[in-house]
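**Q** First residue of the sequence shown: 2, per the working numbering; consecutive thereafter.
A hint or two may mislead.
DEER-style ranges, computed between Cβ atoms [said to hold, decoys possible]:
id, residue 1, residue 2, range
1, A58, Y104, 43 to 53 Å
2, G33, P100, 47 to 57 Å
3, K27, V86, 17 to 27 Å
4, V71, P100, 32 to 42 Å
5, R98, D69, 30 to 40 Å
6, E102, G30, 33 to 43 Å
7, E102, V19, 33 to 43 Å
8, W12, D42, 46 to 56 Å
9, S55, I23, 34 to 44 Å
10, L52, A101, 22 to 32 Å
11, I23, P100, 38 to 48 Å
If you're looking for bench data, these hints aren't it; they were derived computationally from the structure. Just so you know, even glycine gets a beta-carbon here, dropped at the ideal spot from N, CA and C.
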Amino acid sequence: MLLLSRILGVWLLLLAMVSAVIDATKSLGGGGTWVATPMLDEWTALAPESLAASKAAVEAYTTPYVWDPVLTTIMHAPTWVVFGVLGIGLCWLGQKRKPAELYIN
2 MLLLSRILGV WLLLLAMVSA VIDATKSLGG GGTWVATPML DEWTALAPES LAASKAAVEA
62 YTTPYVWDPV LTTIMHAPTW VVFGVLGIGL CWLGQKRKPA ELYIN
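Starting from the given sequences, assemble the full structure and let the hints guide the process.
**A** Okay, structure coming up:
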């Protein structure tokens, strides 16, 4: 399980780097002002059907309060921030534990 968490964390960090490079390229092409694309905009552009299905599933299995203020607030953050935080969290959770040093007298 730890290995799977680390692998998924590394993949999310790679996605964060790719989306940061895409935003940096847009910034350089747009005259130098920093462009940060929100995750909601990218998800809408890539797969609007899965966004609608995810919204319906979250509202069906939880309260609508979870989708509207909680998840939409997260999805208004830049994509590289969301993937980066998730990747760092999974890598941290998947790290190998240090053995406990027990001294018995």
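**Q** State the violated hints by number, sorted upward, taking the hints as numbered earlier in the document.
**A** 6, 8, 9, 10
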